[in-house]
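Undergrad: Chains A and B, in that order, are what the protein sequence lines are.
Each residue of the first sequence is one higher than the one before, starting from 1452 at the first, in the working numbering.
Each residue of the second sequence is one higher than the one before, starting from 1452 at the first, in the working numbering.
Just so you know, these hints were derived from the structure itself, not from any lab.
One should not assume that every hint holds.
No copy labels: a pair is met if it fits in one copy or bridges any two.
Claimed, not checked - Okay, derived cross-link-like pairs now, DSS-like style, lysine-lysine, Cα gap no bigger than 25 Å in a straight line:
hint : residue 1 : residue 2
1    : Lys1634   : Lys1532
2    : Lys1491   : Lys1634
3    : Lys1532   : Lys1620
4    : Lys1563   : Lys1634
5    : Lys1491   : Lys1563
6    : Lys1564   : Lys1461
7    : Lys1472   : Lys1568
8    : Lys1563   : Lys1472
9    : Lys1563   : Lys1553
10   : Lys1553   : Lys1533
11   : Lys1532   : Lys1553
12   : Lys1533   : Lys1472
There are 2 protein chains.
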Amino acid sequence: MQILKDRIVKDGQVIGTEIVKVDSFLNHQIDVTLMSEIGKEFATRFAGLPINKILTVESSGIALACATAIHMGNLPVVFAKKAVPSTMTEGCYSTETISFTKNTVYSMIVSKKYLSKDDNLLIIDDFLAHGGAALGLEDLARQAGATVYGIGAAVEKEFQGGSDKLRLKGYRVESLAVISSIKDGYIIFKNNKEGERLR
Amino acid sequence: MQILKDRIVKDGQVIGTEIVKVDSFLNHQIDVTLMSEIGKEFATRFAGLPINKILTVESSGIALACATAIHMGNLPVVFAKKAVPSTMTEGCYSTETISFTKNTVYSMIVSKKYLSKDDNLLIIDDFLAHGGAALGLEDLARQAGATVYGIGAAVEKEFQGGSDKLRLKGYRVESLAVISSIKDGYIIFKNNKEGERLR
């Protein structure tokens, strides 16, 4: 998705060889116009599937998930809540997830009221890196007996392997800006001409 | 706002005399159509003011804040992040807030990059109860030298006093569903005929 890649190049910030900060438009300050474009793109890519609910995780996934839900016919959005492990989880589906970025373990929880075997889910998140959050959401869906029809991420850091893990499990993954590598402070997007460094 | 009050009556859940759960449409599962209506209502109530940014706090405020931002001409949204006290806060405005509901203290943080003296803010949140979150957001705005033009909450629990505190500080407060009291498991909204219990 060119406008997202352009925006990452314009306003993103590279830290080392693993981290891209996009907090000026995606996960601290939010550009709602861009969110709507992203939502429209996910709706196009996952069109024709019997998706009836969007699943995401707080906090940065919420704006994206809502924008996507609007463009898919005002579907309900459910966001998993993060909690420290062993929080009281009665009446909830719960899974433990590793955050590689923060080097911590956290739980994701969804009330049993809001996921069921009747749900055909699209999982949406801002980043797909090692895949921890997406695999956690997929685990919550599995516990509920729901069906996952696809996984959409705004920004994928392909070199961290998350999308491969998800595709090996049979899931369709759509990422709108796929970063192949980060070298010398430059982001190299997948499918750009060799050597074309966008930043 | 009648459709919100109706929805609270239909799908809300009363716990004791202080808590109203609205997690089926507002803060766990999200109804994006209702969010859009709420956003439109805030945009109408705060029309004509030179607001250039929406400030909220993760997580439940985000969907509402984005919907409001869209209806106010695609303004940027900034959400404060919650962190445990004494997190590294370099480069951030930080304030400590008491959650009366959870009986905890937490920090709210906003990067100095995303709040400044040039910002004319509308503060948006899902609930206004004792006022902790709104007062914390107002403190962050004050630290940045920003101007707060108003505070909007979807659901106000008037009997917990938050809106009075904010109005005493001179702020305009708009709440879309004002709960005067909760008695015997019934919600009593402000400005309904005496004795008319909507639930």
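Undergrad: Please go over all the hints and tell whether each is borne out by the structure.
TA: Now the hints, each set against the structure:
1. For a Cα distance limit of 25 Å, the shortest separation of lysine 1634 from lysine 1532 qualifies neither inside one copy, at 34 Å, nor across copies, at 30 Å.
2. In this assembly of identical chains, the alpha carbons of lysine 1491 and lysine 1634 never lie at most 25 Å apart, being 31 Å within a copy and 45 Å across copies at closest.
3. Proximity of lysine 1532 and lysine 1620 under a CA criterion of 25 Å is satisfied intra-copy only: 24 Å inside one chain copy versus 33 Å between copies.
4. In this assembly of identical chains, the alpha carbons of lysine 1563 and lysine 1634 never lie at most 25 Å apart, being 44 Å within a copy and 28 Å across copies at closest.
5. In this assembly of identical chains, the alpha carbons of lysine 1491 and lysine 1563 never lie at most 25 Å apart, being 29 Å within a copy and 31 Å across copies at closest.
6. In this assembly of identical chains, lysine 1564 and lysine 1461 lie within 25 Å of each other by CA distance solely across copies; the values are 16 Å between and 42 Å within a copy.
7. Proximity of lysine 1472 to lysine 1568 under the C-alpha cut-off of 25 Å is restricted to the inter-copy arrangement: shortest distance 24 Å between copies versus 36 Å within a copy.
8. For the identical chains of this complex, lysine 1563 and lysine 1472 are inter-copy neighbours only, at 15 Å across copies versus 34 Å inside a copy, given an alpha-carbon limit of 25 Å.
9. For a Cα distance limit of 25 Å, the shortest separation of lysine 1563 from lysine 1553 across copies, 22 Å, qualifies, whereas the shortest one inside one copy, 28 Å, does not.
10. Within a single copy, lysine 1553 and lysine 1533 get their C-alpha atoms as close as 14 Å, and across copies as close as 15 Å, so both meet the 25 Å cut-off.
11. When the C-alpha separation of lysine 1532 and lysine 1553 is checked against a cutoff of 25 Å, the pair qualifies both within a copy, at 17 Å, and between copies, at 15 Å.
12. In this homomeric assembly, lysine 1533 and lysine 1472 come within 25 Å of each other (Cα to Cα) both inside a single copy, at 21 Å, and across copies, at 18 Å.
Comparing the model with each earlier hint shows violations of hints 1, 2, 4, 5; every other hint is respected.
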